[in-house]
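Q: Each chain, letter by letter, is given below.
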Amino acid sequence: MKAPRSVVITGTSRGIGLGLANHFLAAGDVVCGCSRAPAALQHERYTHFELDVASEPDVVAMIRAVMRRHGRIDALLNNAATASMNHALLSPARTAQAIFATNFHGTFLFCREAAKAMVRAGTGRIVNFTTVATPLRLEGESLYAASKAAVESFTEILAREVGAAGVTVNALGPTPIQTDLIKNVPKAKMEALLDRQAIRRFGEMADIVNVVEFFLAPASGFVTGQVIYLGGVQG
Amino acid sequence: MSPHSVALEERVRALIVATLPPGAKPGGVIFGPDGQLDSLGLVGFLADLEYRLTEEFGGQYLLASEQAMSRGRSPFRDVESLTAHVAELLKQ
Chain A
3 MKAPRSVVIT
13 GTSRGIGLGL
23 ANHFLAAGDV
33 VCGCSRAPAA
43 LQHERYTHFE
53 LDVASEPDVV
63 AMIRAVMRRH
73 GRIDALLNNA
83 ATASMNHALL
93 SPARTAQAIF
103 ATNFHGTFLF
113 CREAAKAMVR
123 AGTGRIVNFT
133 TVATPLRLEG
143 ESLYAASKAA
153 VESFTEILAR
163 EVGAAGVTVN
173 ALGPTPIQTD
183 LIKNVPKAKM
193 EALLDRQAIR
203 RFGEMADIVN
213 VVEFFLAPAS
223 GFVTGQVIYL
233 GGVQG
Chain B
123 MSPHSVALEE
133 RVRALIVATL
143 PPGAKPGGVI
153 FGPDGQLDSL
163 GLVGFLADLE
173 YRLTEEFGGQ
183 YLLASEQAMS
193 RGRSPFRDVE
203 SLTAHVAELL
213 KQ
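If you're matching them up, the sequences are chains A and B in order.
Everything in the first sequence is counted per the working numbering, starting at 3 for the first residue and increasing by one.
Everything in the second sequence is counted per the working numbering, starting at 123 for the first residue and increasing by one.
Just to be clear, a hint being listed does not mean it is correct.
[Unchecked claim] Chain B side only, calculated, beta carbon under 8 Å to chain A, not exhaustive:
{"id": "1", "residue": "Gln-182"}
{"id": "2", "residue": "Leu-184"}
{"id": "3", "residue": "Leu-185"}
[Said to hold, decoys possible] Chain B stretches covered by chain A per the calculated footprint, using a threshold of three residues with CB under 8 Å from any CB of chain A:
{"id": "4", "stretch": "135-147"}
{"id": "5", "stretch": "154-166"}
These aren't lab readings, by the way, just hints derived from the structure by calculation.
In this text the structure is predicted, and so the values were computed from the model without any measurement.
For glycine and all other residues, C-beta sits at the position ideal for the given N, C-alpha and C.
Required output: the full structure, derived from the provided sequences and hints.
A: What follows is the structure, encoded as structure tokens:
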């Protein structure tokens, strides 16, 4: 029987983050999750932290609490994200700041603090979440796509900075799946997006879990700095 | 400098020296030109030190603070500069 992994997942109150938390708990792992909202799940191997991922003191405190409790972090999944579909010329500055705060700064802070623990341990896996909106250059999603482009670039460079310490850093760009993030996107826009994929369907949690587990697999220690999009979308 | 400050700096210096990676000499340059650690070595060392500071003094510390990174002389250059930097952080 394999030893339980210590997994940190951001944005576990719903959608992909909640799905990932349930997957790892079902696999027997120990999960620490966070969101602004209270815990959406109760489990003896799940610990929830209510915080803003863009708050440096909160992120530092959470990662140190995880280390005190479990002694290590095997994997960090940076899933927390926010989106705002709007024409760039109609986007308030505050929206841009909020999107970058959650999507990029949050990812950066969690990567920095978890990677410190991983570098000390000489091993670790980080998976950052991006989006197909970035390679597809989707109109109406300029801020969201730009924030994820920053995540991709950060992923690629961080992978080089910590590679020698046995830590891998990769990114996964899911296609749209039926979550709250896209509930307000018009159906016609969604159909047009699916038409640009090689495989024209919504993604499923199983598609995401498959790639995440590939990045986390012990045999994937030589895979780093990669961005994988689902559905046949190419970068 | 008060006796309290001297005692604090001595504790900090001892902790820094104890945290240095094997083979690194306390009297030498830690990071920078002719430094004993490369950037990844520095990251591991500072991460270790942050955790040890918490164990020793409580609280939580970020050694690569904005203040530290904007200084003309790096606080990570040697044991003395790092001791002064950490002691300052602790006093805050």
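Q: Each hint should be assessed against the structure and marked as holding or not.
A: Evaluated hints:
Annotation: B/Gln-182 was flagged as interfacial toward chain A, and the flag holds, the nearest CB pair being 6 Å apart, inside 8 Å. With a least beta-carbon distance of about 7 Å to chain A, the hint placing B/Leu-184 at the interface is held under the 8 Å criterion. With its C-beta approaching chain A no nearer than about 10 Å, B/Leu-185 sits outside the 8 Å limit, and its interface hint is violated. Counting residues of the stretch 135-147 of chain B whose beta carbon lies closer than 8 Å to any beta carbon of chain A gives 0, which falls below the threshold of three, so the coverage claim is violated.
Residue count for the stretch 154-166 of chain B with a Cβ under 8 Å from a Cβ of chain A: 4. That meets the three needed, and the coverage hint holds.
Figure legend: structure checked against the earlier numbered hints; hints not met, in rising order: 3 and 4.
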